[in-house]
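Trainee: These are the residues of each chain, in order.
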Amino acid sequence: MLSKTPKRTNGKKVDDQAEVYVLQLFVTGILPNSLRAIENINVICEKYLEGRYELEIIDIYQQPGLALTKGIIAIPLLIKKFPLPEEKLIGDLSNTDKVLQLLHLSNN
Amino acid sequence: MLKVSKPKKTKFSFPRSITGISGLDEITNGGLPKNRPTLVMGNTGCGKTIMAMEFLVNGIVMFNEPGVFMSFEENISELETNVKSLGYDLNKHIVANKLYLEHVHVDFYEGLETGQYDLEGLFVRLTQAITKVKAKRVVLDSLDTLFYSLEHDVLRSEFKRLLTWLKEKKVTAIITAEVGENLLTRQGLEEYVADCVIVLDNRVTNQIAVRRIRIVKYRGSHHGTNEYPFIIDSRGMVVFPVASEAFDLKSSTERISSGIMSLDKMLGEKGFYAGSSILVSGTAGTGKTSLAAVFAKSVCLAKKHCLLCAFEEAPNQIIRNMRSISVVLDPFIKSNLLHFYYARPTLQNLELHFIAIKKIINEVTPSVVILDPITNLMTEGPNSDIRSMLTRFVDYLKLEHITVMFTAAITVGSIERNPSDEGISSMVDTWLMVQDIEVDYTRTRSLCIMKSRGMAHSNEVRSFSITNKGVGLADITDARNNGSSKRGYMERENLSTSKEKNEYKESARK
Chain X
1 MLSKTPKRTN GKKVDDQAEV YVLQLFVTGI LPNSLRAIEN INVICEKYLE
51 GRYELEIIDI YQQPGLALTK GIIAIPLLIK KFPLPEEKLI GDLSNTDKVL
101 QLLHLSNN
Chain Z
109 MLKVSKPKKT KFSFPRSITG ISGLDEITNG GLPKNRPTLV MGNTGCGKTI
159 MAMEFLVNGI VMFNEPGVFM SFEENISELE TNVKSLGYDL NKHIVANKLY
209 LEHVHVDFYE GLETGQYDLE GLFVRLTQAI TKVKAKRVVL DSLDTLFYSL
259 EHDVLRSEFK RLLTWLKEKK VTAIITAEVG ENLLTRQGLE EYVADCVIVL
309 DNRVTNQIAV RRIRIVKYRG SHHGTNEYPF IIDSRGMVVF PVASEAFDLK
359 SSTERISSGI MSLDKMLGEK GFYAGSSILV SGTAGTGKTS LAAVFAKSVC
409 LAKKHCLLCA FEEAPNQIIR NMRSISVVLD PFIKSNLLHF YYARPTLQNL
459 ELHFIAIKKI INEVTPSVVI LDPITNLMTE GPNSDIRSML TRFVDYLKLE
509 HITVMFTAAI TVGSIERNPS DEGISSMVDT WLMVQDIEVD YTRTRSLCIM
559 KSRGMAHSNE VRSFSITNKG VGLADITDAR NNGSSKRGYM ERENLSTSKE
609 KNEYKESARK
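Just so you know, the sequences run in chain order X and Z. Once you know that position 60 of the first sequence is 60 in this note's numbering, the rest is easy, because the numbers rise by one and skip nothing. Once you know that position 184 of the second sequence is 292 in this note's numbering, the rest is easy, because the numbers rise by one and skip nothing.
Because the hints were derived from the structure by calculation, they are not lab data. Every clue listed holds true.
Dumping the calculated PhoX-like pairs for lysine-lysine here, alpha-carbon to alpha-carbon at most 25 Å:
| # | chain 1 | residue 1 | chain 2 | residue 2 |
| --- | --- | --- | --- | --- |
| 1 | Z | K240 | Z | K275 |
| 2 | Z | K240 | X | K70 |
| 3 | X | K70 | Z | K242 |
Remember, it's a predicted structure, so these values are computed and weren't measured experimentally.
Whenever a hint applies, use it, and build me the whole structure from the sequences.
Mentor: In structure tokens form, the structure reads like this:
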């Protein structure tokens with residue numbers, strides 16, 4: 001955590017270094033929460049992580065086994081695989097500020 | 109949905125899912141509501157998990173209904189170890205694909221919510237689990253864990269959805285929850301479980317812990333509303349209900365001999381009613397155990413099983429002592445007609461005794477059970493509890509059509525005032541009192557019938573003698589004035605015993 005902090009506070013420098021964000025979004029088919037989450041994450045990624053993100057959207061209706069292996073209860077679930085540490089967010093990601101805060105991205 | 113039944117005529121019974129937990133099916137009139145969720149609430153350590161697991165395992169073993177256990181607290185290996193002590197080999201069922209255990213780890217999500225969410229992930233996992241083993245029974249133990257980490261508003265709506273969903277899936281479900289602040293019950297969620305709510309409790313009174321179970325709600329059905337004690341022992345959960353049907357029983361007119369001809373005569377010529385309860389009370393050394401032993405012997409001679417529960421003397425001691433009055437019991441033990449249950453009352457609490465006795469009864473199906481003496485049990489626990497336990501026990505025996513004889517030791521001079529004695533005497537059908545009375549400066553044993561429901565009985569106080577030849581009754585006047593006539597009486601009595609002996613020998617030869 002601590003070692004990451006300087007990078008984050010450097011703001012734009014991080015952008016320059018183009019640290020790649022690896023994100024996984026777990027959704028359930030086309031339920032309203034899931035659709036909103038997909039929409040929101042796409043907007044956020046395009047706006048704040050343009051060109052330096054990998055987003056995988058996983059429908060656990062299609063791959064129900066993952067619900068167990070990933071220990072998923074609450075849906076939608078966003079997992080930030082990278083940069084470390086791995087972090088989990090739940091909800092439809094409509095609270096953009098909170099998403100950015102939790103992903104350690106600045107809003108500028 | 110409940111079918112609209114024609115008034116008065118139809119006997120609609122709500123579909124049940126038999127739990128196989130002894131006693132629980134009685135108080136719920138046949139089990140939990142089928143294909144509906146039941147909420148089991150209680151404090152930590154009151155047996156929720158065990159009850160739920162027993163429900164599942166019984167479903168598999170008894171009805172071939174596969175089950176799913178979603179554990180939110182214990183992980184799988186912990187769970188397996190914990191129920192192993194109850195003799196459940198979960199692994200066997202898992203291998204046979206009849207049982208599926210899943211540990212649901214709940215992450216700490218507080219502060220990580222970014223918008224609306226639901227618990228669809230849990231539903232997906234449940235769907236998979238249910239499909240995997242084609243489950244008919246599902247346990248969620250316990251949902252409270254979710255409340256530590258997720259928003260209550262979401263949980264409330266999701267909980268409601270879960271219950272509807274479980275109904276749609278046509279599974280009988282048990283959902284456990286703790287009682288306490290900030291937990292499931294605090295949210296008023298149990299109201300959504302429209303169908304059945306059971307509360308477990310573990311209370312300590314007079315240093316004896318008693319577990320209790322209560323059906324708070326059972327929609328669409330009548331149910332026992334009392335608190336019933338239950339135990340969890342090496343064989344699982346056993347609830348001790350009041351057999352409410354005891355009163356609907358048709359009472360038998362069949363008679364059973366007391367083993368003493370003259371006593372039978374006093375009891376309307378024929379002896380006790382079969383399936384009735386008999387109390388023999390008296391001060392120390394008046395021959396209560398001897399009366400009981402003679403009764404036991406006569407039962408065994410009739411080739412019926414008798415269970416003698418001794419709380420005072422060890423079986424061997426009873427046998428030895430009874431031999432001294434020509435009541436020979438050993439052959440019946442060999443021929444497996446006479447069974448002993450021996451335990452010190454203090455060894456375990458009253459319920460455990462009764463449950464242990466009940467188990468033996470189920471195994472040997474005796475026609476007579478003798479408790480000698482019941483007063484020794486009275487020292488354990490508060491009096492009201494004991495009386496209610498005894499009533500239940502007597503009701504249970506009546507239901508099983510078993511004749512029961514209690515002996516009760518009472519203190520000299522306190523016959524009327526002894527509260528425990530009063531308590532028992534109102535619940536028994538026949539009450540014999542043996543006393544030491546003074547006749548011409550000699551202490552004489554006497555016997556009288558204080559009451560005997562439903563039969564013309566003698567009001568006489570008879571002299572009651574115990575000699576090395578057996579037990580007999582005589583008129584008080586006989587005993588006092590004329591030794592020879594008393595002996596005459598005795599001989600008649602012994603004639604019957606010797607006749608019995610011969611009969612027994614013959615049967616043994618065969």
